[in-house]
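Sequences listed follow chains A and B, in order. Oh and the first sequence: position 38 is 38 in our numbering, straight run, nothing missing. Oh and the second sequence: position 157 is 157 in our numbering, straight run, nothing missing.
None of these hints come from the bench; they were simulated from the model. Worth double-checking, as some hints may not be accurate.
[Claimed, not checked] DEER-style ranges, computed between Cβ atoms:
1) B:128 - A:199: 52 to 58 Å
2) B:128 - A:30: 36 to 42 Å
3) A:186 - B:30: 54 to 60 Å
[As the list claims (entries may be wrong)] List time: in silico PhoX-like cross-link candidates among lysine-lysine, alpha-carbon distance up to 25 Å:
4) B:66 - A:66
5) B:66 - A:154
6) B:154 - A:66
[As the list claims (entries may be wrong)] To be clear about the criterion: a stretch of chain A counts as covered by chain B if any three or more of its residues have a C-beta under 8 Å from a C-beta of chain B, and this derived list gives those stretches:
7) 14–27
8) 109–117
9) 153–163
Keep in mind it's a predicted model, so treat the numbers as computed, not measured. Every residue gets a Cβ at the ideal spot worked out from N, C-alpha and C, and that includes glycine.
Protein chains: 2
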Amino acid sequence: MPAISPSSKAIVLLSGGLDSATVLAIASQHFDCHAISFSYAQRSLSELNAAKKLAGHFSASHQLVKIDAGAMEGSALTDESVDVPEFDPAEQGIPVTYVPARNTLFLSYALAIAEVRAAQDIFIGVNAVDYSGYPDCRPAFIHAYEVMANLATKAGVEGNKLCIHTPLIDMSKADIIRTGNDLGVDYAATVSCYQANEQGEACGRCDSCQLRRKGFEQAGVPDPTRYF
Amino acid sequence: MPAISPSSKAIVLLSGGLDSATVLAIASQHFDCHAISFSYAQRSLSELNAAKKLAGHFSASHQLVKIDAGAMEGSALTDESVDVPEFDPAEQGIPVTYVPARNTLFLSYALAIAEVRAAQDIFIGVNAVDYSGYPDCRPAFIHAYEVMANLATKAGVEGNKLCIHTPLIDMSKADIIRTGNDLGVDYAATVSCYQANEQGEACGRCDSCQLRRKGFEQAGVPDPTRYF
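So here's chain A without its partners, still in its complex pose (with noise of 0.2 Å):
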């Protein structure tokens, strides 16, 4: 954890995810946090409600931000003529879940509402081990996106720095639940699953089910996960 900047404000990206719970977590202790979750054409929008609930727990304020979803056709996550494939071990290269630009359009919004509220500190739960073959959770992106945050903002020009936080980055999927765990995250709210129903079950089988499932077993935490 880098040392807290003399702001006290944090923007959190919050999907409802277990890995964002956990960021969620983790920016409390040090932070006064403003968690924000997008709404798109996803199709699990059981992780909103899930985002607003986690939210809550932790005391943080929560803003629901609208992404137009004419901009991030294309993906499987957007695009319902577009099938969510099942977990393939030995599949290569960029999957067809990837959404064009979304950390990068994620973070803008954050970039903004940091400005807007005088915060400087932005939490994002990126993850370099299991990270799907996106391009935009590596450690070389954040890098280069909060180099350009500094140019782009009237709190960068003026020296107080912005610093995007990414607690997970070199965490396993049995580490980040250890992690949430200890801290209180009560992972029976979160929705992980690429397809999950209104009530927030999970699938099982799609590859962000099949990473969950492996982190609670090796974590030795019992699963909490509720599957259709």
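Dock chain B against chain A, hints included.
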């Protein structure tokens, strides 16, 4: 103008103002253009009508992207409770018309759309001469954005370099007007005023109006702007 990449498609940020209209004219000489305009809680909606008309003139497809206004509050351009200031040549620093992280957000949508459309070229009408003190109009910002974009996207990872073009970056307002005039831009159809009315008529007093009026004088081109 850099060498044209193998893809002949380009994404052009088109506000409907004088600068972006000129950018579209320049880009159209070399690329099959897809223009995008942003709808947010901006005062001059007449700009969006201007953008649609300009795209049609240059045979570009046109897409309107809605920006969630909640992320953009706190600026004179998006917040009705903040007055648009009159031009003050003695004013230093970043003006109240600054919109938090605006170009970062706009470029991030352009990046997502470029990836969906397999375009590798994005055009934006930022200008380092008449930049009004906005940090996200500086060459250093654009360069950092381009570096980040190439790390963020599937195209960048696969070696198809994304390029952010800023053809106006070193031009004076007079240079821009002369260039666009030669390329057939109908400046009567463009709206630059921060508080234009529904008919696209300009106040003649704000920062943007003053820069535009002076540009036409210095270019020796008759000013077709309709003032209210």
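Against the structure, the hints come out as follows:
| no. | hint | verdict |
| --- | --- | --- |
| 1 | B:128 - A:199: 52 to 58 Å | holds, 53 Å |
| 2 | B:128 - A:30: 36 to 42 Å | holds, 38 Å |
| 3 | A:186 - B:30: 54 to 60 Å | holds, 55 Å |
| 4 | B:66 - A:66 | holds, 9 Å |
| 5 | B:66 - A:154 | holds, 24 Å |
| 6 | B:154 - A:66 | holds, 24 Å |
| 7 | 14–27 | violated (count 0) |
| 8 | 109–117 | holds (count 6) |
| 9 | 153–163 | holds (count 4) |
Hint 7 alone, counting from the list given before, is not met by this structure.
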